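Please model the complete structure; the sequences and the hints are all you need to start from.
Quick mapping for you: the protein sequence lines, in order, are chains A and B. With the first sequence counted from 1, adding 206 to any position gets you the numbering used here. With the second sequence counted from 1, adding 529 to any position gets you the numbering used here.
Hint data in this document are derived by calculation from the structure and do not stem from the laboratory. Just so it is clear, the structure is predicted and the values come from calculations on it, not from any experiment. Glycine included, each C-beta is placed from N, C-alpha and C at the ideal position. Take the hints with a grain of salt, since some may be wrong.
Facing chain A, from chain B, some residues (calculated, C-beta under 7 Å) [said to hold, decoys possible]:
no.: 1; residue: 553
no.: 2; residue: 558
no.: 3; residue: 560
no.: 4; residue: 820
Computed far set for chain B versus chain A, every beta-carbon distance over 12 Å [as the list claims (entries may be wrong)]:
no.: 5; residue: 552
no.: 6; residue: 619
no.: 7; residue: 620
no.: 8; residue: 716
no.: 9; residue: 721
no.: 10; residue: 794
no.: 11; residue: 795
no.: 12; residue: 801
no.: 13; residue: 803
no.: 14; residue: 831
no.: 15; residue: 835
no.: 16; residue: 839
Okay, the calculated beta carbon distance ranges per label pair [what the hints assert, rightly or not]:
no.: 17; chain 1: B; residue 1: 647; chain 2: A; residue 2: 222; range: 27 to 35 Å
no.: 18; chain 1: A; residue 1: 238; chain 2: B; residue 2: 557; range: 37 to 45 Å
no.: 19; chain 1: B; residue 1: 729; chain 2: A; residue 2: 425; range: 18 to 26 Å
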Amino acid sequence: MSEINNEHPFFFKYQNKGMLVIVHRAAEQDRSLGVVLCHSYGEEKQYSHNVLTRFARYLGSHDISSVRFDHIGYGDSDGEIEDASVQSHVDETCAIIDLAKTELGVDRIVLVGLRFGATVASLVAESREDVAGIVLWSPIVDGPAFLQTLIRKYQLGALTSREKPKNAEEVSKLFAAGGQISVEGNNLGGNMVQQLKTLRLTTPRSFAGPVLATASETDQGGQDQARELCDAYGASSTMVVSEARDFWDNQSMYIDFTPDNLYQTSYSWMSEQWQLQ
Amino acid sequence: MDERTMAASIERYRLENFGQTATYISSKNGEIFAIVHAPEKQLPKSCAVIMINSGLQNRAGPQRLYAKSARQFASLGFTVVRVDMPGVGDSFGKLQATHFDTYDPDDVKSIIDYVVDVLNIDELVLLGLCAGARVAAKAAAFDNRVNALVAWGMPLYSAPPDMPQSPEIVAGGVSSAGALDNLSRWRTSIFKPRVWRGFFAAGGDFGFLIKRIGTTLRQVIQPAKKRSGKRSFISAIEKYVADERPVLFVYGAFDRAPLAEFKAHFTSIANGEKKHFSEVGVVENAGHTFRDAENRIAVIRLTSEWLIARFS
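Structure (structure tokens):
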């Protein structure tokens, strides 16, 4: 059987590559809008997969249909992550929005993004009229800082692999020469690096719809970033500290952590914004 | 993209599957999500590799190890079925625990039933990494439809101290062999500056370090004791090996405790004395999940060669 409990997985053709898409149709679907869920970057996507799946089911139980997908180079989709860039994530999300509107029979989409997925959601919303609102879970706001985090992960991983890690200057030269580094086993390539270097979401945003940004209690830096982002969006935005801990790392996966508070907070906010049933 | 083009695109590519289709398999603990890879050529007999997810990760595997392996195996003529066990990924059901024996071999049986009855497969391989390998062994031991077992990074006793311990391990959590191997490794590591750099880069938790050393010393004296019984992992893998059924064990060289325990428990296999049904591969510079690209390539190549030798 290829559909069960109103979930329908299939492969969608995107630029001659197959992209896994899973449509969650609510039994009593609210037709005013649908949701597209945007996953995070690299291995964070794998660690937090269960969280996004369960949120899609949570939304379904509250009569909201949604679409999840694996970006090209991730999960079951074709392609390689080292070919991905910030722009490719944006373009693919736009294609999925078009798909979701057709599949769900809605005119408006709310984007829910986690970490880098929240970054992508924020970027997409700047250029589309059909994005009704955005929910940004622990958004990455500062591209250069995120890039530094990835480089540190590479250096730590190199140590545990018994190889001498390159320092920041050597990494920079490597990127300039078209090379890659392995971050938690995923290759980080030049296109992504170049675009992260100039990515900052704290410049004034043009999206005027409702915005919810969240961070966890333990992530002070994430709280600061979420507040900065809300400042960039202005009066239409809300920032909430909604969960006790992060949930996109290896450890949270192994304790099967589900951010129930975050689900409730996000759904309540959406209900309030759009008077959902 | 306009609406008509979009609709056409969706319809056409629901039928065409890029060599992959997504489906659900009924099972007692919840519907199991599966990605089925069609073979790209014919083997003498149809053969499927069922890949059981590792840990609590979904069917793509750590660093997409499973997704990449499946594409390679499919190119060699194997049907590949990658699954999320109930409670994980896109499957339904609820996880009862998060230790490495949380999965029910009856769910593996359901997957085997689907592959044999619906996909009409003649020969069957079960493959798993870590927890996936353990439940694959439990299922394979009592199901003669399984023609071969591939066990990547299969822990016999050890689990990281910060993970829940399986009730199948009575005490200790690590065998003496594993504990002694850990101590031997740490004895040389404490003099290496890069190890301390890595320790401090990861947060420098001395409390955790002291606890880990203390636990390991206790494990030398009070090693893990197995709990036997038909459904226990150790009984299953011992039965499978005693029946001399085809098996490939692959470990990363840096997956020290599981590899040491495997060598201590299955010494004759590890020494290459049972090559008529078993093979052992060790990937140099690889850890538990064969994390980096060259290690993934190595484990996929090693496994592909073994599968081709057995089934083509």
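Does the claim that residue 803 (chain B) lies off the interface hold, with its Cβ farther than 12 Å from every Cβ of chain A? Correct as stated: the minimum Cβ-Cβ distance to chain A is 31 Å, above 12 Å.
Does the claim that residue 721 (chain B) lies outside the interface with chain A hold up, using a Cβ gap greater than 12 Å? Non-interface label on residue 721 (chain B) violated, nearest chain A Cβ at 10 Å vs cutoff 12 Å.
If I take the minimum Cβ distance from residue 552 (chain B) to any residue of chain A, is it greater than 12 Å? Per Cβ check, residue 552 (chain B) is inside 12 Å of chain A; nearest 5 Å; violated.
Would the non-interface assignment of residue 835 (chain B) survive a Cβ cutoff of 12 Å against chain A? holds, 23 Å
Decide, holds or violated, for the assertion that all CB atoms of chain A are farther than 12 Å from the CB of residue 620 (chain B). The assertion about residue 620 (chain B) is violated, with a minimum of 9 Å to chain A.
Cβ-Cβ distance between residue 647 (chain B) and residue 222 (chain A): within 27 to 35 Å? holds, 30 Å
Supplied contact hint for residue 560 (chain B), tested at 7 Å Cβ to chain A: Holds - the Cβ of residue 560 (chain B) comes within 7 Å of chain A, reaching about 5 Å at its closest.
Please verify that the nearest CB of chain A lies beyond 12 Å from residue 794 (chain B)'s CB. holds, 25 Å
Holds or violated: the hint that residue 558 (chain B) contacts chain A, with Cβ atoms closer than 7 Å. violated, 14 Å
Hint validation: residue 553 (chain B) versus chain A, beta carbon distance must be below 7 Å. Holds or violated? holds, 5 Å
Assertion that residue 831 (chain B) lies farther than 12 Å from chain A (Cβ): At roughly 18 Å from the nearest Cβ of chain A, residue 831 (chain B) sits farther out than 12 Å, so the non-interface label holds.
Hey, is residue 619 (chain B) genuinely clear of chain A, shortest beta carbon separation above 12 Å? violated, 6 Å
In summary, the structure is inconsistent with hints 2, 5, 6, 7 and 9 from the numbered list given earlier, while agreeing with the others.
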